[in-house]
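With chain D fixed as given, assemble chain X with the ligand onto it according to the hints.
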Amino acid sequence: MFIINCPYCGERDQSEFSCGGEAHIIRPKQPTELNDDQWAEYLFMRKNIKGVQFERWNHAHGCRKWFNLVRDTSNDKIHAVYKMGEKPPVI
Amino acid sequence: MTKYRINKTRFIDQTKNVSFTFDGKTYHGFEGDTLASALLSNGIHLVGRSFKYHRPRGIMSCGSEEPNAICQINNNTEYTEPNVRATEIEIYEGLKASSQNCWPSLNFDIGGVNNFISPLIPAGFYYKTFMWPKSFWKKIYEPLIRMSAGLGKSPTKPDPEIYDHKHEHCDVLVIGGGISGIISAKIAAKNNLKTILIEDKNILGGSTIYQNNKNFVIDGQKSNEWLTNEISELQKLDNLTIKTRTSLAAFHSYNYLLAKENISDHLPLDKKDGSIRQRLWKIRADKVIVGAGAIERPLIFNNNDRPGIILAHSVKKYLDFYGVSSGLNNIIFTNNDSAYETAVSLFEKGISVKIVDIRKKSSSSIIKNAEELGIEIYWNSTVINTFGYKKIKSIEIMNLSEDGSNVTGNKNKIQCDCLAISGGWTPMVHMHTQSGGKLDFREIDQVFVPSEKNENHINVGSCNGDFELEEIVKNTNNKVKTFLNINEGGFDKISVLCSKESEKKNIWLLPNTISESKTKSFIDFQNDSTAKDIKLALREGFKSIEHVKRYTTTGMATDQGKLSNMHALGIIADTAGVKMGTLGTTTFRPPFTPLTFGAIVGRSVGKFFDVVRKTSIHEWHIQNNAKFENVGQWKRPWYYPINNENLYEAVQRESKAARNSAGILDASTLGKIDIQGSDASEFLNRVYTNAWSKLGIGKCRYGLMLNEDGMVYDDGVTTRLGENHFLMTTTTGGAANVLSKLEDYLQTEWPELDVYLTSVTDHYSTTSICGPNSKKILKKLFPNKDFSDEAFPHMSYQDALIDKIECRIMRISFTGELSYEINIESKYGRSLWESCIKAGEEYKITPYGTETMHLLRAEKGFIIVGQDTDGTMTPIDLQMDWIVSKKKYDFIGKRSLYRSDTIREDRKQLVGLLTDDPNEILEEGAQIVSELDKNPVEMIGHVTSSYFSPNLNKSIALAVVKGGKKMKGQKLFVPMENKNINVTVSDFIFLDKENKRINA
Ligand SMILES: [Zn+2]
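Protein chains in written order, with my numbering: chain D, 1 to 91; chain X, 1 to 1000.
Bound conformation, chain X alone:
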């Protein structure tokens, strides 16, 4: 055993030695130790440097509230993890931990210079100093801040571990395995309710499990012994699931909770065996009982941040749970009775301890216990300063004045190697408020407690403001009985003896002899904000707690202000002379403790990140060297390079082939909606801008769909398959939204219409063949069919059979070429495609992808919704007046087309752009200006589509330009980083304006 491991406890197996390293040096601990308890057992307090002033900092607590002991774990391995609290991680053989925020080293720290220039780093320093000049931000301020801050290093390799999500439902969820949680879980489970108890530590029992003080007795037994028996009873209950190492992350409305279970974090790297690391439980509970406990408050005095200054109850836990004494010469500094338990515990183990208490007296049984043991107590006293750089060496104390606002008398210096501080307790109301619960302020001990109005959750134990053992046990029993509507609690006749605090006193900021501006009284240890920062913020006019918090960064570190928020509020209230209860608290946001990204995403990584949709022809595309593009969730062939062609070369070749002979495109991804019902044509009349009633059976028509605000929403060709039967196509990306929108109108605005919509996108595979030889290829595939213009004109459809399989042939064109689309049941898609390729061989039929499709349609001046439009373009802006029916009384968006805003003539309108140099290709998204020397430069539009057209042998572009309709022939400029490109506004139909090719 080391010098500081002075006690044997049943929680630490001292036969199981565990070695680990901290900052490269090897240490030993035992199974059951946290990194913090193991370090303390080796006499290590100094574990990091503070964020702003780089002051030495030590372990301060034993739980999730820890602000200082933040470590990097397993650095330089793929398992590395920053910002791990040493107080929470269990050690395992081979663990490598290192301190953070201490470049160049923990013991020699250049940033410590900040400590001496600290008068220059007040609240809001970063906002005030680093704002100006703007050009300094990127090159000077940001690298400077980043280097000196350094909150850990992110892993550089992909996370090798597995994370999981699981849903769970229960009657009762109990949060927290302390005494009140155990009582609650037992009552619930014994009454046939399916109960889950979660506890973030590896064993149940909270702080009572190591409470061996004789002043705390339940049913004649010491409270730790009584609870140990209760826990073994609990483990026999069938209805109860106990999850240890599981912490609650979020408590959402309707009792939906997220809890993270650590499954293998405590195992050595070589024993993880590919098991799941963490599981995120998504729990829906009928009733929730929160027994989250309370966090001990620090006291705020000058130099209250030295290594060796630890929360008093944490000192007790290290001693009675881990068997480790934080110091050999201890001073307790307190404003309440609970710290006396620590003093008695230390004393009983023969360790030196003295007490400094700000109260004038207290007369409860635990105080009497301490006095009887002969522990020296300095009443009515406060610490005014501490000494020792890397570890505390001594303190100075003085008496308090009558009202506590000042110090009097002589300074008294006392040696120590540990100062255990206690400013009382803060109920953990985080869960309660996350779920929407409100708080009340309790004046007597200055705490916010849950104000319970929610019928589906309650708070029990110290998170409810019950701090005395008798209250905890009896109130929990009674509350749970009422909450679950149970008559027998099982703890109704229990007898509890405990020390009861009679004197209460709280001073948020303890007084000093020297002026406030010369003290460093830390409130937020992790973000290094002090009491004077808070006061400065108030002097500068900040009033709201939310503003003071952001300005001083108090409570904004990874511990989310678990130790600091109450003191910040208290000091604001005192300074502003208002009641603390009227200030309200800052918002408690989930997660309660930081969650790993792994736990959040679970299995949704890599190929499980999102659904991938593939057409039935997908494998053929892969075999033929297609490069793919993501369109929504779809994988679409982008281009098919041959012999190391790049995108440009492949597209030039594909485009020429489609215009000169034949091209083939997999168009299966276009959205398809089957529309049936006696009002189907009336429905189309209402949703499209053009007229549909007179469309003959077997005919196809292009339609444009608007939003109610008049802006273009989607487009596509719809075919009339029968009197009351249509097949609508939509854009690939818009399919789901269009269906939702149509359903919305049908169900809510026009329920009288007899119309039924079915998504059939995945049901049919679509092969599109275009080019002057397409008709010959179709004839080979369907020898019995008459493909003459008279029998099968443009914009019509016919049923057909291929190898006895039914299919539909539409003669429609998105390229401006003679073109056919064949729809066939998806499972035959690939076989049809291959038949087309075979039939087209003699015409060198060329598969083309989306990029060539875009180029071909741009040559023809066809828009792509979402590329040439952005939700702010009306059909009039797109010069598509021809498709807007003047006769129809109404359609979606019609009224908006003549609002004062939509009839403005200087709206952005679709135009063509030709570069003066035909070989110059514009960049899509580039801005367009008309006057180069205007200051500031006025941007009048932007390029939406741009290609080099192999068929026209020049660069072409589509653009939207303010008032562009009237600018044909005008010279404009596209300014780029190194040059200005001269362009001329042109017609946006570049090729075959007369539509000759469609009937070629």
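Only chain D is shown next, with the shape it has when bound in the complex:
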């Protein structure tokens, strides 16, 4: 069970958070312009990396804020935590 450093609250137990999957998948601004394949790419296709992965997390039982987190899925080491809208760090 990790300790996650919420950018708004500080270090908290993982049980307070929920994971929202891969980060930086932007909802298309003009979905109607997309064909089925392009839309499916946004809707369904997600990476499942063994290694460094960028993820969305929500402090669900805390401040309820969403933020991004960089985690190595092979050892659960968290490399960085940053707010929504901020530029992802280079890892």
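Hint data in this document are derived by calculation from the structure and do not stem from the laboratory. From a predicted model like this one, the values you see are computed outputs, not experimental measurements. All C-beta atoms, glycine included, are put in the ideal place defined by N, C-alpha and C. Do not rely on the hints blindly, as some may be mistaken.
[To be verified] Beta-carbon label-pair distances, calculated as ranges:
(1) X/E834 x D/N48: 54 to 64 Å
(2) D/H61 x X/K699: 27 to 37 Å
(3) D/M84 x X/K453: 25 to 35 Å
(4) D/N48 x X/A791: 52 to 62 Å
(5) D/G21 x X/T587: 19 to 29 Å
(6) D/H61 x X/N478: 36 to 46 Å
(7) X/N406 x D/N48: 47 to 57 Å
(8) X/K360 x D/I78: 46 to 56 Å
Showing chain X with the ligand alone in chain D's frame:
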């Protein structure tokens, strides 16, 4: 003292007699004994039967690795517990233990027949034999296996004991109270670090605390004496908490650990006094030092499982700790020096002992010690067979060939009543790997040792592969200093003398004169798998250790292969001709030793299992005989039976009353989200399928919410309270998820929108009154209000006062009747409800529950998200095209509504179903078919909602059917167990299609 209690030790109080029973017979032991040591002191070795062949088995170890001595405790009481290891449980006055897996009795065992037919039960036997024919599984194979297996009986009554959970934080957690743990804890605590030391036994000291051999000396004292002093020093340290009888269950990432403390297990039943039985500690430690120790390996040879064959070091512990000699005529069979300590100990107490060693020689000080004492040693020899059925009587030994692959010379038979075996030591790396640590293989003594890269935990002592006393003490001191960044260890100048092993030799499967197929060389004693099972699995093509393990069930019993995993790996490596280090190990999973369910759930039992949510009107419902239904965590009135009515009768009455006069429903559980901000209407436009910008202040609108994949997610009515202020309602079960989803979009996709969401579900109580007389009742409650259709039309809301308390009245309907919902601050909910009941008395206002609500809405063809939908229904499938805006550029899920899959015409679509026999009520969930004689029968849909409608006087149902939109009037079938029900596809609005009743 009994014949076998030959020694007085300071660990066992021989003035405190304890009596207990084993298999119904009374025995005596002393305070401090485990069940195993007490049984051995009475000369009892035979404690169970093996799982597959039902061979007699005896106590084999003195710890958590025990595969054989598995007992049922206090059978036929509410305290009964199966699968308790006799080597771990402390005896107490009145303890009743019995052997397991030995029907009909320990001494006469019908399953022993399996022993003779064992050539027929090879690896994978269960997979191969019991697979076919399928129909045999339930009636023949499964009962057969269950009867002959019988791994203990579960309690039949609720567990009367109390369990607890507690969180703990510390700077340093030390796991294991052996010599390395004690050194570590002392260094940490003396350097102002908040330290916890946990030890699973009842006293500290590990195996050093009874190490009285003169070859092991620290600072001029025998190592046990030195350690005894250290422990008394330790107990004076303020920063240190010592928890004995506490075993580590799991070591998770980020140094989060679970440890189980036994608080009252060792107390007699009448002294437990309602105290907590076990406590699960949830520890978050800054640094963890693991000193978990090592487990002695057995040796693998023919018939190595007889009662009386015990691990050599366990024999030493029974002797030097408990004062019990496992046998009076002992043979030590070893491949290493450590077993000589046992031999010397036995000899010094005047007990007969001989040694069989597979090595050609060894010249360390402990060997010299044994030789000087005149102990007979058979070098370069191996045991090829053992004799004695219920207890070992003799062994046969032969010389090993030059390369160890064969036996030579003559057989030599030697009498004995105990064979103490030692195949070396396996570091307990379980904790290290559980936390994510990797292992390295050390070729010289064939062990996996932690490969340390983790900056927040280290391994010390024998679990780190340090087996010699000098190494243990000095390496622990140095490692802990570096790890905790400390200059003075306190043990820097210590002097240690010890015997050092010079010769190492290991043979995973010892050779024999007879062919392998005729031997029984056990690897996993609890699951009865042998060396030849492993080889068979390899011949059949299994390669991965994980597959071999599952196929042969090696390492899959309750001991999780603590004694067997290394031998399985070794034999695989030897057979396949590969290096053992390249095979890797199987995964070590928590818990390290089995945990009780009680410890896992702690206090979360009974009414503390989950949160129960009640509305402010709840007590009234109870007083009025409501039956409740769980909706998420909410308790909702299901129906209100009068005079012994059943569910059906009550619902028929309630439904008629709601349509004919007036019904009242507690709708407080519906989710309510307060939405404010200058972009609130734009936000609603994006999350609902229909348009919201033009909704006037004071108006209400029904909305449907989709997932991005186009599937219906939730629905509800939203009211515009002000220019920038809305109140959204959601389904009862969906409230929390909807709020999360909306927050997600607001924070991550549309941060530019000025919108604020607040959950107000619990803030307001909602009373819904429906029926043709509802308007008259509202008029009585709010005499100053104009309830005419012009002043207060359907789908609108008004503020109002009742007894000077503010409330909101919405004229909305989920039943198709004229209907009002009144929202009031929760604390006034009950008083408002009772005012409504009073005002409605003259109209026989009838409280109704969720079941009637469901029936009424089904008559009207309104869906329930989650009942008529299942996450695969689009609004088009539900024939709700009317609510999907064509004009809006975008909303959540819009693009998905015309994907190739969602525009298929043969998707399941919502329809009505009428049974040909109007009195026949379909079962919800029943499958629907169009052709009965097609093989296989094609299921084209299923019933989602079904009721007998008292208002239409016939059975009605909603269903989803492939291509159902175009099937109106078509005949279909609902096949049931004993009959086929004929149905006709109909419109799904059964009542008042013209919406006349809403304005009645
Ligand atoms: Zn937070």
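Each hint, compared with the structure:
| no. | hint | verdict |
| --- | --- | --- |
| 1 | X/E834 x D/N48: 54 to 64 Å | holds, 57 Å |
| 2 | D/H61 x X/K699: 27 to 37 Å | holds, 36 Å |
| 3 | D/M84 x X/K453: 25 to 35 Å | holds, 33 Å |
| 4 | D/N48 x X/A791: 52 to 62 Å | holds, 59 Å |
| 5 | D/G21 x X/T587: 19 to 29 Å | holds, 26 Å |
| 6 | D/H61 x X/N478: 36 to 46 Å | holds, 43 Å |
| 7 | X/N406 x D/N48: 47 to 57 Å | holds, 52 Å |
| 8 | X/K360 x D/I78: 46 to 56 Å | holds, 55 Å |
The structure fails none of the hints (numbered hints given earlier).
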